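Enquirer: Now for the letters of each chain:
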Amino acid sequence: MSKTKAIGTVSATEKNPNTCDEFTFWLGNDVKISPFDIVKVENKISGQTSTTYGMVEEIYHITDSPGHISNYVSSDFGVIGAESFTKKLSLTYAKASVIDNNNENYMPVQDGSIVYPADAEDIKNALGLLKEDDKKAIPAGLLKTSNGVSVPIMFNSDFVLGPEGAHLNISGISGLATKTSYAMFILKAIQERTDDTAIIILNVKGDDLLRIDREGNLSADRRNQWKTFNIKCEPFKNVRYFYPYMRMRGTDNVCSNTALDPSVLQEQFAAGIAKNYIYTCSEDKSKIELLMSNIDDPNWTLESIFNFIETSTEFDDDDMNWDLFKSKVKEYASGKKAKSGDDKSQILVQSWKRFSRLIATSIQNDIFQNSQSGDPNKAQVHLSKEVSRINTGDVFVIDIAKLNEQLQCMVFGDVIKTVYDLKHGEYADERDAASIPKKIVIFVDELNKYAPKESPKNSPILNYLLEITERGRSEGIILFSAEQFRSAVHDRIKGNCSTNIYGRTNAIEISKPDYRYIPKVYSNMMTRLDKGDLIIEHPVFKTLLKVSFPYPPYELPNK
Amino acid sequence: MGGLLRKYMEKKNITLFEQNRVNLDSYFFEPFQEISENYDTSKVFETEKIGTKKKLSLLPHPLTNFSFFMDGSRKVYKIGDIITPENRFMPVIAGQVCAGCCYRDEEGQMHKHMLEKQNYLMLSDAINEEDFEYIKHGYERDMKERLPLKVEKYRFDKLKDDKPANTAIAVIQSFMHDLELSILDRIVASNVLTPESMLILDGALQFLPSKIKNPDIFYNVIGVSKSFNPNLTKLTKNKMHIGTLLSKLEFAERTPVIKMKSNDEKLTFGVWYVRIRDIYKRGDPLDGIVKIEKLALKDELDNDGFDSVLIDTISSSLIAERVPTCYGKDERWANHLYPVYLTEKMVKSSFMSDIYFSNLF
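Just so you know, the sequences run in chain order A and B. Residue numbering for the first sequence is 1115 to 1673, as defined by the working numbering. Residue numbering for the second sequence is 3 to 363, as defined by the working numbering.
Note that these hints are calculated values from the structure, not bench results. Please read these numbers as outputs of a predicted model, since none were measured by experiment. Idealized CB from N, CA, C, for every residue including glycine. Please note that a few of the clues may not be correct.
[Unchecked claim] Taking lysine-lysine pairs in the DSS-like style, the calculated list, with each CA pair at most 27 Å apart, reads:
| id | chain 1 | residue 1 | chain 2 | residue 2 |
| --- | --- | --- | --- | --- |
| 1 | B | K350 | B | K228 |
| 2 | A | K1209 | A | K1552 |
| 3 | B | K55 | A | K1202 |
| 4 | B | K13 | A | K1201 |
| 5 | A | K1202 | B | K331 |
| 6 | A | K1209 | B | K347 |
| 7 | A | K1552 | A | K1351 |
| 8 | A | K1129 | B | K347 |
| 9 | A | K1351 | A | K1238 |
| 10 | B | K119 | B | K213 |
| 11 | A | K1129 | B | K350 |
| 12 | B | K152 | B | K13 |
| 13 | A | K1201 | B | K350 |
| 14 | B | K155 | B | K215 |
| 15 | A | K1202 | B | K228 |
| 16 | B | K55 | B | K228 |
| 17 | B | K51 | B | K239 |
| 18 | B | K213 | B | K160 |
| 19 | B | K350 | A | K1202 |
| 20 | A | K1552 | A | K1249 |
| 21 | A | K1467 | A | K1563 |
| 22 | A | K1202 | B | K119 |
| 23 | B | K138 | B | K114 |
| 24 | B | K331 | A | K1129 |
| 25 | A | K1258 | A | K1341 |
| 26 | B | K114 | A | K1146 |
| 27 | A | K1201 | B | K228 |
| 28 | A | K1245 | A | K1351 |
| 29 | A | K1202 | B | K347 |
| 30 | B | K155 | A | K1209 |
| 31 | A | K1645 | A | K1238 |
| 32 | B | K138 | A | K1201 |
| 33 | B | K155 | B | K165 |
| 34 | B | K114 | A | K1201 |
| 35 | B | K114 | A | K1119 |
[Claimed, not checked] Incomplete in silico selection of chain A near chain B, CB under 10 Å:
| id | residue |
| --- | --- |
| 36 | G1181 |
| 37 | Y1186 |
| 38 | S1188 |
| 39 | S1198 |
| 40 | K1201 |
Take the sequences, apply the hints, and build the full model.
Expert: Structure below.
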């Protein structure tokens, strides 16, 4: 312990005693530390020596001055810049929370004990980290301390992908929090480190995630960052892209409703790794309810209509297309059916009118096709069918960026429903259970759209998400999600995420109850985090950690 | 804990009554440390013939002449009372004595230079001389592991002294001065004191004469008193109270140096006052004034006075010490020098806690 230079001495007073959970130490002159630094102290009790590790929480600087007026008086009664021959008695001290003891000794550390900075080995021991080459180790980021120590932090995959714990949530404001980049870093590590996992990514904005199979232009320094984690600096493998179908407009021969550059898009189609998804009435009629996930339905009238459509023979027509569907609904909405006595739905005309109005605006997008085209240029597919065929090691990127919010909900709902059904044997006729990936990770940004805090109770997407987050851990359906404001997401969804990542956020957000259990200094720090710095919370670590992570290895859009 | 002392007392037929240990620090009030009134006001004791006061120039940073600061402190407790075989009822007093010196570096940072501590148990000299020696040696030996201390005696003269406890405390106070002088001796021997790097001793020098064996060690030393007797008349020609004269002293002004001889007339001091802070209009007219004493050595005695340039430099350096202050921490902040205050803090923080120390006996 004496090999490293001591940084301070433990101090216990009547008013500020040391406890099992925390201790205070004053710092030597010119010592620099930061919150999240890990320190170690010898803890001697009954002749037995052990080492207690603590994480620096708050750092204080005090003088012997009892108030500002004393300082004013001390400056020759308010002379700005009054020079003094004697430095005021001042002191910097820090509060550290105990994170571990190497001998299970949780007695408070004694006054006068010398405090040392932890080295890389100490940090690994204190946090119970897995080694970089451990099979269960999934890189979580690089922890850097004030004394120049860098330690690669590893998640335990049992707690990220199950069975011990699962699901990961990232929150933080757009741009600065680098939520998507971090999620992609973890997903890249998962693809490389695991051999039983498939990944589904929903691209919700721009063309951020639509080139993840293409080599990025990284400097040598940025490439070296990946070596720290024992991960190859390469783009994702086995990637397939799914774009919302769009009628061809103009001359660029593009049938995809996407922000991706047409030349890249054409390359993807030429390579056979891209398809356009459509929804046909005969295949996807039941998914209409997903369109209205976020619409309040206090009297359950929409729910009744969906049930009626599902069960009624009138709508049970394999040849029905969207035009026919809409005209049938119109008949109910106009009251003709009721007048003629043919209305078996026992649903008020007013409700049918509302339903008709809602679907009329929704089912106008080009993804709603009356039938699937055989034209290879259009490359039309049913998304659920494609998702149901996912294999281990695959990465599916589903672009929903250019769809409106209702359609985004429907597509996302369709994906999670399909994955859920796949894992529950719904596709047993079509594929062998052994060929289904053991774990399917779904990554979606803007989770607050699909599982808002004030979500309608009967929202089908919310129900699927709750099902996945509460039971997916054992079933191998893992949700990686992100949102700007954690407080805007449904409590049960957040509560089931065993790993939580916090990026830069704002002061209003940290005043919300979600951040109440986080030490004030850390939550305040969340408002000042640099771009690329994140605070991670993982069940294996005994404390929050601040980490950075390497630059994405794939091609990024030119912004 | 008291059993050990009682055991020794009982062997000599002395009854020891132990009671709640009482801290006597607020019980005994020190008088002003101005024991000599042997002033010579016939003429000023410096080269420049100045009237009642002189305006001083303010020193530009970083000029100061002080680098060392010394202070002593003591804590005293009543441990119990004894009844001697001759039925004398006398208190038993214990004390912690500490003296220390701080060094201020060029950055203005204070450092511990020296710190010495000593513990005492004071017994009345009403105890038989041989019995006292028996108790002293036995008790000091047995306490060596627990608390190194010295057992000493005090002599209570009811014609001169107020209370026996005060007499014991005065002896402990005198031990504290011994400790200060011992530290000063070693500092001087280490050749760190120079006219550009002088030492300020907290308090007056005039109580030291009987202990000063080598006056030359005071060549680069001054004593600065925060409090002084404002009713002294012998410092002024017209028998005016010194307080009246000082109330007219403005910021950065000093009085002329007055010659003062120790009571035994062996030593001569130069005494003067400086107003170091401009705050007297806000309260006590004597706030912000310090009293300075400097021992006159061969040069001063030969020339019948101090070099006024030296006195001005010392005074200006003291005025420069007005920033920062210990306002809010010490009632005497207006007359206190911050580095001396820090030295006092260092010394006092080295004491054992009252409850711990007083229960060791």
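Enquirer: Is K51(B) close enough to K239(B), meaning Cα to Cα at most 27 Å?
Expert: 15 Å, holds
Enquirer: Given the hint that K114(B) pairs with K1201(A), does the C-alpha gap stay at or below 27 Å?
Expert: Holds: K114(B) and K1201(A) sit about 14 Å apart, inside 27 Å.
Enquirer: Does K114(B) lie within 27 Å of K138(B) when you go C-alpha to C-alpha?
Expert: 33 Å, violated
Enquirer: Given the hint that K1202(A) pairs with K228(B), does the C-alpha gap stay at or below 27 Å?
Expert: 20 Å, holds
Enquirer: With the threshold set at 27 Å, check whether the alpha-carbon distance from K13(B) to K1201(A) stays at or below it.
Expert: 56 Å, violated
Enquirer: With a cut-off of 27 Å on the C-alpha distance, tell me whether K1129(A) and K350(B) pass.
Expert: 19 Å, holds
Enquirer: Going straight from one Cα to the other, do K350(B) and K228(B) come out at no more than 27 Å?
Expert: Holds, because 18 Å separates the two Cα atoms, which is no more than 27 Å.
Enquirer: K1201(A) and K228(B): Cα distance at most 27 Å?
Expert: Given pair K1201(A), K228(B) holds - Cα atoms ~21 Å apart, limit 27 Å.
Enquirer: Within 27 Å, alpha carbon to alpha carbon, are K1209(A) and K1552(A)?
Expert: The hint is violated at about 45 Å.
Enquirer: Hinted pair, alpha-carbon criterion (27 Å max): K1258(A), K1341(A). Please report holds or violated.
Expert: The hint holds at about 16 Å.
Enquirer: Hold the hint about K1201(A) up to the distance rule: shortest CB distance to chain B must be less than 10 Å.
Expert: At about 4 Å, which falls below the 10 Å cut-off, the nearest Cβ of chain B leaves the hint on K1201(A) intact, so it holds.
Enquirer: Against the 27 Å threshold, does the CA-CA distance of K1645(A) and K1238(A) hold or violate the hint?
Expert: Status holds; Cα separation ~25 Å.
The earlier numbered hints that this structure contradicts are 2, 3, 4, 9, 23, 30, 32.
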